[in-house]
Amino acid sequence: MKNYTIFSFIFVMWILIIIGGGLLVAFTSMISIEGYVTVGPLELYYASIAKALIAIILVIIWVYVLTKIKNWMFHKKIKN
Amino acid sequence: MFDQIVTVILISIVAFFSVYVITPFLIRTLEKRNLTVKDYHRKGGAMIPRPGGPSILIGIIASEITLYAFFPTTAIITIIITTSLAFVVGIIDDRWTFGGWFKPLALAASATPIIFLGAYDSNLAFPLFGSFKIPALYLALIIFIIPITGNTINSIDVLNGVASGFMTIASFALTISLFIMQHYEIAVASLPLGFVSLAFYKYHKFPSKIFPGDSGALTLGAMYGVIAILGHVEIVAAIALLPAVINSFLFLSSVKRVVEHRQIKNPTAVTSDFKLMATSDKDAPITLLRLILAAGPMTEKQIVLVIFKLALFSASLAIITAFMMGIKI
Chain A
1 MKNYTIFSFI FVMWILIIIG GGLLVAFTSM ISIEGYVTVG PLELYYASIA
51 KALIAIILVI IWVYVLTKIK NWMFHKKIKN
Chain B
1 MFDQIVTVIL ISIVAFFSVY VITPFLIRTL EKRNLTVKDY HRKGGAMIPR
51 PGGPSILIGI IASEITLYAF FPTTAIITII ITTSLAFVVG IIDDRWTFGG
101 WFKPLALAAS ATPIIFLGAY DSNLAFPLFG SFKIPALYLA LIIFIIPITG
151 NTINSIDVLN GVASGFMTIA SFALTISLFI MQHYEIAVAS LPLGFVSLAF
201 YKYHKFPSKI FPGDSGALTL GAMYGVIAIL GHVEIVAAIA LLPAVINSFL
251 FLSSVKRVVE HRQIKNPTAV TSDFKLMATS DKDAPITLLR LILAAGPMTE
301 KQIVLVIFKL ALFSASLAII TAFMMGIKI
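Residue numbers (my numbering), protein chains in the order written: chain A, 1 to 80; chain B, 1 to 329.
Hints are not guaranteed to be accurate.
Stretch by stretch, here's where chain B covers chain A in the computed footprint (C-beta under 8 Å, at least three residues) [stated by the list, open to error]:
hint : segment
1    : 8–21
2    : 50–64
Short, incomplete list of chain A residues facing chain B, as computed with Cβ under 7 Å [claimed, not checked]:
hint : residue
3    : Asn3
4    : Val25
5    : His75
Straight-line Cα separation of at most 27 Å, DSSO-like style, residue types lysine-lysine; simulated pairs [what the hints assert, rightly or not]:
hint : chain 1 : residue 1 : chain 2 : residue 2
6    : A       : Lys68     : B       : Lys309
7    : A       : Lys68     : B       : Lys282
8    : A       : Lys68     : B       : Lys275
What the hints contain is simulated information worked out from the structure, not anything from laboratory work. No residue lacks a Cβ here, since even glycine has one placed at the ideal position from N, Cα and C.
Using the sequences and the hints given, assemble the complete structure.
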């Protein structure tokens, strides 16, 4: 099993996707914008933009964490 | 129920045998027109016909039209149009080499029929935690998904049989996941992708008789992306594709820019006994292939087997994820 670091990395990515999804749902479900605009669909639109921003920030954090894990797991292999 | 089973069997047969029968004709036609490329990993450097995209597209269109005759839906039209547009992008890139940004931008444009035909739902579903609605972000996501899946499959098409074999495993995992999640209509529409890939693998596996080229790889990747969107299984689809995603991720994090793979240094070298080994060139990008070869030189068949084992592992995780979609905590 020479390549099981790659299998482990896939497994870690899977766990990160599930945790990341959970955080995304948890953070974005709290958002609802009311009282600033009078028209209903516009409120939904602003809420959607806020959710999009949170999602993008979480994805950037997700990629950063994944890069750190990649460097740690494949350190020896990459060095070779 | 009986009608549906007959339809499933019929479209599977049409998808598989249209590619199985047409590809030998395509091979001969490409050879006659001298549309061949050198297989650098093969002893003697055999000239291999390319691209195999036309037979892949014919298989997909023939089977999807057959399905449409029984169950006319917008989803099938969307699959046919988007996949065909991705094929056009691929065939242009097969004939003329463009810069690294051409394919992502052109593939993004080929995703627009999904938006115009309204064949999507802006809910993004996650396992265990439910889904969330993101109308603004989801439109951008559609534009991103098709270039990502297309280029991801294209970037893994580096050895005999990898792209078609990998796509066979990933797409059948996606179909099983769609059935588990009870999205039957899209599950049936996704079947041709697996059977077309399987039939093409017969000619693409080591020693390859034909290469899919950009037109083949982008067609397969784009259809995979459309199915992920239409079936609301974006996360499951991404998980089934993880080995190819890792390949792109490693490549981009080492090259640090979007670049055509033909413009970068080869991360592997061939030994005197025609095994592949990781190059010691510091400027060559880190790829999945290079990581696999870090263990030592291997034959092409051995590497392909490792990639298929990784694909099967990811496919299992994707199917487990599909089961987890039904659980809420």
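Consistency of the hints with the structure:
1. 8–21: Three-residue rule met by the segment 8–21 of chain A, so holds; n is 8.
2. 50–64: With 4 residues closer than 8 Å to chain B, the segment 50–64 of chain A meets the three-residue bar; holds.
3. Asn3: holds, 6 Å
4. Val25: Valine 25 of chain A check passes; min Cβ-Cβ to chain B is 4 Å, inside 7 Å.
5. His75: violated, 11 Å
6. A/Lys68 <-> B/Lys309: Holds: lysine 68 of chain A and lysine 309 of chain B sit about 25 Å apart, inside 27 Å.
7. A/Lys68 <-> B/Lys282: It holds: about 20 Å lies between the C-alpha atoms, which stays within 27 Å.
8. A/Lys68 <-> B/Lys275: violated, 32 Å
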